[in-house]
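**Student:** Each chain is listed here by its residues.
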Amino acid sequence: MLDLRLYMLQRLSALILAPLVLTHIGVMIYAVQGGLSAAEILGRTQGSVTWMLFYGLFVAAVSIHAAIGVRAIAAEWFGLRGSALSGLSLAVFAVLGILGARAVYAVTAL
Amino acid sequence: MAAETDKPEKMVPEKMMDVSVWRGGPDGGAFEQFKAPQQESQTILDVVTYIQQNEDPSLAYRFACRVGMCGSCAMMVNGQPRWTCRTHVQKVLKDNKLEIAPLRNLPVIRDLATDMTVFFDKWTAAEASFTPTVTRDDPMAPINPAEPKRAAASEAIECINCAICYAACDAVAGNEDYLGPAALNRAWTLVNDVRDGGQKSRLDAVSAAGGCHNCHSMGNCAQFCPNELNPTASIAGLKRATVKAALGFRK
Amino acid sequence: MIRPHRSHPLWFAFILHRVSGLALALFLPLHFYVLAMALTSPEALDGFLSWTDMTIVKLAEYGLVFLLAAHFFGGLRLLALEFLPWSPRQKTLAAGAVALAFCVSTIFFLSAV
Numbered sequence: 718m719l720d721l722r723l724y725m726l727q728r729l730s731a732l733i734l735a736p737l738v739l740t741h742i743g744v745m746i747y748a749v750q751g752g753l754s755a756a757e758i759l760g761r762t763q764g765s766v767t768w769m770l771f772y773g774l775f776v777a778a779v780s781i782h783a784a785i786g787v788r789a790i791a792a793e794w795f796g797l798r799g800s801a802l803s804g805l806s807l808a809v810f811a812v813l814g815i816l817g818a819r820a821v822y823a824v825t826a827l
Numbered sequence: 015m016a017a018e019t020d021k022p023e024k025m026v027p028e029k030m031m032d033v034s035v036w037r038g039g040p041d042g043g044a045f046e047q048f049k050a051p052q053q054e055s056q057t058i059l060d061v062v063t064y065i066q067q068n069e070d071p072s073l074a075y076r077f078a079c080r081v082g083m084c085g086s087c088a089m090m091v092n093g094q095p096r097w098t099c100r101t102h103v104q105k106v107l108k109d110n111k112l113e114i115a116p117l118r119n120l121p122v123i124r125d126l127a128t129d130m131t132v133f134f135d136k137w138t139a140a141e142a143s144f145t146p147t148v149t150r151d152d153p154m155a156p157i158n159p160a161e162p163k164r165a166a167a168s169e170a171i172e173c174i175n176c177a178i179c180y181a182a183c184d185a186v187a188g189n190e191d192y193l194g195p196a197a198l199n200r201a202w203t204l205v206n207d208v209r210d211g212g213q214k215s216r217l218d219a220v221s222a223a224g225g226c227h228n229c230h231s232m233g234n235c236a237q238f239c240p241n242e243l244n245p246t247a248s249i250a251g252l253k254r255a256t257v258k259a260a261l262g263f264r265k
Numbered sequence: 004m005i006r007p008h009r010s011h012p013l014w015f016a017f018i019l020h021r022v023s024g025l026a027l028a029l030f031l032p033l034h035f036y037v038l039a040m041a042l043t044s045p046e047a048l049d050g051f052l053s054w055t056d057m058t059i060v061k062l063a064e065y066g067l068v069f070l071l072a073a074h075f076f077g078g079l080r081l082l083a084l085e086f087l088p089w090s091p092r093q094k095t096l097a098a099g100a101v102a103l104a105f106c107v108s109t110i111f112f113l114s115a116v
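Residue numbers (my numbering), protein chains in the order written: chain A, 718 to 827; chain B, 15 to 265; chain C, 4 to 116.
Be careful, since some hints might not be right.
[Stated by the list, open to error] The list that follows gives simulated cross-link-like pairs (lysine-lysine, DSS-like), each with its CA atoms no further than 30 Å apart:
#1 B:258 / B:214
#2 B:258 / C:61
#3 B:111 / B:29
#4 B:29 / B:49
#5 C:61 / B:108
#6 B:163 / B:108
#7 C:61 / B:105
#8 B:163 / B:111
#9 B:163 / B:258
#10 B:111 / B:49
#11 B:163 / C:94
#12 B:105 / B:163
[What the hints assert, rightly or not] Pair ranges (Cβ atoms, derived):
#13 C:42 / A:737: 19 to 25 Å
#14 C:10 / B:46: 38 to 44 Å
#15 B:155 / C:26: 39 to 45 Å
#16 B:109 / C:86: 44 to 50 Å
#17 A:794 / B:47: 29 to 35 Å
#18 C:10 / B:83: 50 to 56 Å
#19 A:747 / B:138: 53 to 59 Å
#20 A:768 / C:109: 39 to 45 Å
#21 A:798 / C:66: 50 to 56 Å
#22 A:798 / B:46: 31 to 37 Å
#23 B:47 / C:26: 38 to 44 Å
#24 B:83 / A:807: 25 to 31 Å
[Said to hold, decoys possible] Interface residues of chain A toward chain C, partial, derived using beta-carbon atoms under 7 Å:
#25 729
#26 731
#27 737
#28 738
#29 740
#30 743
#31 744
#32 783
#33 791
#34 797
#35 819
#36 820
#37 827
Hints listed in this document are in silico derivations from the structure and should not be mistaken for laboratory results. Even for Gly, the Cβ is constructed at its ideal location relative to N, Cα and C.
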């Protein structure tokens, strides 16, 4: 159920996500050593404009990428079409975008 | 004795195989069980022919050349789409059983014969046909077969529209609008034809909701094409061409 | 039971990519919800984070990082397939993507335990 536009959006978001995901995995490998705690995490991220921009971009890109990906699965494996399909895609985009923005704010705002 | 010389093949006791053949029509059907004798150098088409000639004359199936050139005899054999005239029984027989069904992803007319209309309609919808720009009175276009574009077209051009790739493709199974590997592969040969005048229109045709961007590169088409074509690669080429055009690059 | 016509490497690569993507899409809302607890109640966040000391949770994280890395490396293969000239080595690239994903996620797991 992908036309050229959705396809390009999907690939573009993938290109944006690529370096972000690689960095995120690297950071997690670093952060997970010696255990995780809220203080440790927030100590790194709170008040940081860099992390806010980094994860803000991450959330924006992944909301688009996951919404289109789920759209393909919903159409091909679950037979959704028309407004049900579009509704689900938009819902995935909105849920990830809103919850993601909240999380970015929670972790980077002062 | 007369009986023995009339039917020499009956002198030796034959090993019989269990053959499940799908019977039915557009509204559904079921597998029917037959027994067929195993023979040396036997193909699945031989088995289907034996059943129709000796067990049930009402069995409907399609074939033409029976030598692996026309693609008419394509069916699902033990779950895999194959040319039945080129599938040796010994290669696919499992526990003395065979399962023969009509090609997947196509409506059934009766038993093993499918309706190929939608397959050919999608070929047209992909604009996978040549649009001339000159007449017969103009000189021939001097095209070197080794030129990259001509080489790319030549690699994909041997498609005989047997629909095996169409039957194998899970993206086709999940999306009735998807044009499918054969139509898109043919479109790619024309995208690479420098004499063709319909490029822009064709790129639009393969960029619509059922277009090339629905391919997930799972490669069932290339895996099963009896002519060893690679629609996955052709469709990747179409994706490149459509994105380049959308971003305004000249080819 | 996997039907026979699908048992080839590039089909498995497709399934891995699709299933990992779906799993990540389902996991992310939970991930975002837990992180947002930093705003409303940092104690609850610490409560959640203390679960990560448990081996079973570390194993689950191992799996998640594997899925993310597999989706990432598999995705790179797809971007190359679609935007670079065709390579006939798709099966090798697909195997390489899974191998890299396994390496990266194992490095993560070893860092976590």
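**Student:** Hints first: check each against the structure and report whether it holds.
**Tutor:** Results for each hint:
1. Proposed proximity of residue 258 of chain B and residue 214 of chain B is supported: the alpha carbons are some 12 Å apart, at most 30 Å.
2. Restraint check: the Cα-Cα separation between residue 258 of chain B and residue 61 of chain C comes to about 44 Å, which exceeds 30 Å; the hinted pair is violated.
3. Simply put, residue 111 of chain B and residue 29 of chain B have alpha-carbon atoms about 12 Å apart, close enough for the 30 Å limit, and the pair holds.
4. In summary, the hint linking residue 29 of chain B to residue 49 of chain B is supported, as the alpha carbons are separated by about 10 Å, within the 30 Å threshold.
5. About 44 Å separates the Cα atoms of residue 61 of chain C and residue 108 of chain B, which puts this hinted pair outside 30 Å; it is violated.
6. Restraint check for residue 163 of chain B and residue 108 of chain B: not satisfied, since their Cα atoms lie roughly 44 Å apart, outside the 30 Å limit.
7. Of the pairs offered as hints, the one joining residue 61 of chain C and residue 105 of chain B is violated, with about 47 Å between alpha carbons and a cut-off of 30 Å exceeded.
8. This hinted pair does not check out: residue 163 of chain B and residue 111 of chain B have alpha carbons roughly 46 Å apart, beyond 30 Å.
9. For the proposed pair residue 163 of chain B and residue 258 of chain B, the alpha carbon gap of about 16 Å is at most 30 Å, so the pair holds.
10. For the suggested pair residue 111 of chain B and residue 49 of chain B, the alpha carbons sit about 9 Å apart, so the restraint of at most 30 Å is met.
11. Distance restraint check for residue 163 of chain B and residue 94 of chain C: the Cα-Cα separation of roughly 25 Å lies within the 30 Å cut-off, and the hinted pair is therefore satisfied.
12. Note on residue 105 of chain B and residue 163 of chain B: the hinted pairing is violated, with a Cα-Cα distance of about 38 Å set against a maximum of 30 Å.
13. In this structure the supplied range 19 to 25 Å holds for residue 42 of chain C paired with residue 737 of chain A, their Cβ-Cβ distance being about 22 Å.
14. Look at residue 10 of chain C against residue 46 of chain B: about 27 Å separates their beta carbons, and that is not inside 38 to 44 Å.
15. Roughly 52 Å separates the CB atoms of residue 155 of chain B and residue 26 of chain C, a value that falls outside the hinted 39 to 45 Å.
16. The hint said 44 to 50 Å for the Cβ distance between residue 109 of chain B and residue 86 of chain C, and at roughly 46 Å that hint holds.
17. Between residue 794 of chain A and residue 47 of chain B, the C-beta spacing of about 32 Å keeps the proposed range 29 to 35 Å intact.
18. Separation of residue 10 of chain C from residue 83 of chain B is about 28 Å and departs from the stated range, judged on CB atoms against 50 to 56 Å.
19. Take residue 747 of chain A and residue 138 of chain B: their Cβ atoms lie about 57 Å apart, and the range 53 to 59 Å holds.
20. Against the hinted window of 39 to 45 Å, the Cβ-Cβ separation of residue 768 of chain A and residue 109 of chain C comes to about 27 Å, which falls outside the hint.
21. For the hinted restraint 50 to 56 Å between residue 798 of chain A and residue 66 of chain C, the CB-CB distance of approximately 33 Å leaves it violated.
22. At roughly 35 Å, the beta carbons of residue 798 of chain A and residue 46 of chain B sit within the given window of 31 to 37 Å.
23. Range check, residue 47 of chain B to residue 26 of chain C: about 42 Å between beta-carbon atoms, so the 38 to 44 Å window is met.
24. Residue 83 of chain B and residue 807 of chain A have their C-beta atoms about 50 Å apart, which leaves the hinted 25 to 31 Å range violated.
25. The beta carbon of residue 729 of chain A is not positioned within 7 Å of any beta carbon in chain C (closest approach about 11 Å), and the interface hint is therefore violated.
26. Nearest Cβ of chain C to the Cβ of residue 731 of chain A: about 6 Å, under the 7 Å cut. The hint holds.
27. Proximity of residue 737 of chain A to chain C is violated relative to the hint, the smallest CB-CB distance being about 10 Å (cut-off 7 Å).
28. Because the beta carbon of residue 738 of chain A sits about 5 Å from the nearest beta carbon in chain C, less than 7 Å, this interface hint is met.
29. Given hint, residue 740 of chain A at the interface with chain C, is violated; its Cβ is 11 Å from that chain's nearest Cβ, farther than 7 Å.
30. Interface restraint check for residue 743 of chain A: the shortest CB-CB distance to chain C comes to about 9 Å, outside 7 Å, so the restraint is violated.
31. Using the Cβ-Cβ criterion of 7 Å, the hint placing residue 744 of chain A at the interface with chain C is not satisfied: the shortest such distance is roughly 11 Å.
32. Hint status for residue 783 of chain A: holds, given a least beta-carbon distance of 4 Å to chain C, under 7 Å.
33. Checking residue 791 of chain A against chain C: minimum C-beta separation of about 10 Å lies over 7 Å; hint violated.
34. Checking residue 797 of chain A against chain C by beta carbon gives a least distance of about 14 Å; that is not within 7 Å, so the hint is violated.
35. Of the supplied interface hints, the one on residue 819 of chain A holds, with its beta-carbon coming within about 5 Å of a beta-carbon of chain C, less than 7 Å.
36. At a threshold of 7 Å, the smallest CB-CB gap from residue 820 of chain A to chain C is about 4 Å, leaving the interface hint in force.
37. The beta carbon of residue 827 of chain A is not positioned within 7 Å of any beta carbon in chain C (closest approach about 12 Å), and the interface hint is therefore violated.
Hints 2, 5, 6, 7, 8, 12, 14, 15, 18, 20, 21, 24, 25, 27, 29, 30, 31, 33, 34, 37 from the list above are not met by this structure, while the remaining hints are.
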